[in-house]
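Build the full structure now, drawing on both the sequences and the hints.
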Amino acid sequence: MQVTFKIWRQSNAEAKGSFKSYPIDGLSKDMSFLEALDHLNETLVLQDEEVIAFEYDCREGICGQCGVFINGRAHGPHDNTTTCQLHMRSFEDGSTIVVEPWRAAAFPVVKDLIVDRSGLDRIIEQGGFISAKTGTAPEANAILINKEVADKAMDAAACIGCGACVATCKNASAALFTSAKINHLNSLPQGKQEAVRRVLDMANQMDREGFGSCTFTGACQVECPEGISITNIAEMNALRLKAQLLG
Amino acid sequence: MLETKIPEGPLEKKWQNYQIQAQLINPANKKKLNIIVVGSGLAGAGAASTLAELGYDIKCFCYQDSARRAHSVAAQGGINAAKNYQHDGDSVWRMFYDTLKGGDFRSREANVYRLAELSAPLIDHYVQQGVPFAREYGGVLVNRSFGGVQVQRTFYARGQTGQQLLLAAYSQLYKMKRAGKVKMYPRHEMLDLVVIDGKAKGIIVRDLVTGALKRFAADAVVLATGGYSRVFRLSTLAIGCNGSAIWKAHKRGAFFAAPSFTQIHPTALPQASDAQSKLTLMSESLRNDGRIWVPLKPGDTRKANDIPEEERDYYLERRYPSFGNLAPRDIASRAAKERIDAGYGVGPLKNAVYLDFQHAIDRMGMETIKDRYGNLFSMYKKITGVDAYQEPMQISPAAHFSMGGLWVDYELMTTIPGLYAVGECNFSDHGANRLGANSLLQASIDGYFVLPNTINNYLSDSLKEQAPSVEHSEFDRVEQEVASHIEKLLNVNGNKTVDHFHRELGQVMWKECAMSRNKQGLIDAIDQIKDIRERYWQQVKITGSSNQLNPELEKGLRLADFIELGLLMCTDALQREESCGAHFREEYQTEQGEAMRRDEDFSFVSAWEYQEGEFKLHRENLQFEYVQPTVRSYK
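Protein chains in written order, with the numbering used here: chain A, 71 to 317; chain B, 518 to 1152.
Hints were generated in silico from the structure; no laboratory data involved. Cβ atoms here follow ideal geometry from the backbone N, Cα and C, with glycine treated the same way. Just so you know, not all the hints are guaranteed correct.
Stated by the list, open to error - If the Cβ cut is set under 10 Å, some of the chain A residues that face chain B in the computed set are:
1. Q72
2. T74
3. G87
4. H109
5. D127
6. G134
7. A175
8. A220
9. K251
10. L258
What follows is the structure in structure tokens.
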């Protein structure tokens, strides 16, 4: 299999970037997309060129570190998947594949396809936790949780923090990410104590980081590898409004 | 020489006795002490956040862009705890026994007992942190079975248990960052350890964005850097997982215990080509309801669903009737290898076996199976394009967990005072084979419960000493060594890629030092690895420079250490002339092909000391006071 990768190259945060084309042969349909980039990088090394910097770690769809724009879509042509789970069989032989970093003001490019997503960590830092010290827990089954509540919390908690929701949103909003964590914790009895403070602090931090506003296009839930629903955003907005009005 | 510091008293009182006698440090003094934690997985984040809550100043490092990426995130199936919620005869003692036996009696009784003892409060802890564990309709927690065990003691959050525990640990870490007690250094990789007057006093790290080398000094250094099975290249681990931090510590004097004890996981996706970078794991929990089989006829080319029931060999159920598909991992992997080698393998490369859910779906219905394993089935489909609700999965053994690691005493301190190793990077509780769902457990227990209680014994003395400083000449010297090492690697400027050599190393290790080992093979492997090392330093090519973000250089530095680690692993496997757990020496097996231990000669933990390129063996003799080692049978 042969394709041409058209890849964004940018040597560091300050440098000006541009697309560069790399025709590459010797791929197989069963290769993952990232393995095809590995293969390209090996050929670049042998041509004495610097490798393309891109991110990955677990390569099984859970760590959230990989993530690029492929032919205009976050994580490539399929819904609800990660870049590492994309395979070359999803592309036509001989095609050109355009690869870009996540584009968002709050995600500055670090190098080539790598962006800085630490804004998401700073949102978590403002309240994406339950304030309880190690050693203070009551017996686990003393906290009963309805199965439906636990399942709903788990649906929201499944977020892998990849940032595809931000990248695909025309406003670069982090509302899906933020609301997922808020709803995970606020829906559980253990999280209720800090529910109001959590929603205010995290949502405020989201604004401070320069993420845009949500206009409910629903683009994010299509790209979210965990299929997290935008109903989470509606709940967050309702909670936030209520907290702002009533404290 | 090797002082284990196992406390006095009966087994069930040892941890309590330890805590009663341990040193305390008053809160005002804790503020004066700095601790470095390398790694942000369950062990690292758990230790960092808990130590920060206690008042210490923490610096936490990880190579990823965020602490939330640490590879604990990928553990799927669950975490064990002796809660006996299922009323099925579980207890701390039984969990202790299962773990000790699962490890084929090559771990310390006192450590294993402590692991079982602290498992129940750990579940309390995680529930309080908001981990959405699976629940019954009545609101209580659910359990399931895992390999090597006949009770149901595994807690889980769908097939994403590791992710949910890690996110809990990560959120606590960031809670303490907000409190100003933790400083985070993502995209920083530790490249060496600084030892001053025999004590660990700091690290040299490389800022992976700018390439700059940086120095950090502390009163104690905690390594929580995970496993090293990427030495095989193809493994279930994240691509960035590496052995460099512990290897550098080893070269600075920390003994390395049981390096060759590597778990080969029975249920990963089979290798399809040389270009493959990773073998994706399918959770062991699938073996609760999935049945493993191969065709009775070798080389059978029919589709799985076309092979009638009577022409299938459910070989685990046949060989191990009492544990069946839930035989422990080492045994299940070897049994798969035996069938594959004998010509019964399935799939295009004949390197896989079937994991079949048809019976479970018939019995419990599609919805139940979807509820239990839905995300694993969809992951399988994403990768292979196959719907496992309709036809069996194809699975194959893959390199997975490192039981071996830095030797630690009961306090989790290495042989370098002030250097601790927690989680997978140490050798402590799993012996020669780890039971499923004990990995998240050990990492968490080490980080949250053990280290915060043991580190005071060392740090209480540090208060009397001068605060460590990066101005010390030893920091100059070590940083200079790191810089020269990097330049030397970049200057080789040969004609082969880092991955080329990694593939070579991986092939040697997989052939000679994985599921089945023998004397001649290991001797040859050592020669081959020495040859790879020599050629690596003559022929490797790395483009780009050291003062920039350079992924190729990162890989190259890690591989240089993996090559040396591979030598030690083979040396260890060669020395241990017995079979135990995952370490299967072909010369030592029963007529039925089961592992044969040689307790009289090998009832010890091998702890290797680095001596200028050579390795010297020290023995920690294992004393079994409470359980008599028996032949480990799952028949």
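What hint numbers does the structure not satisfy? 1, 2, 3 and 7
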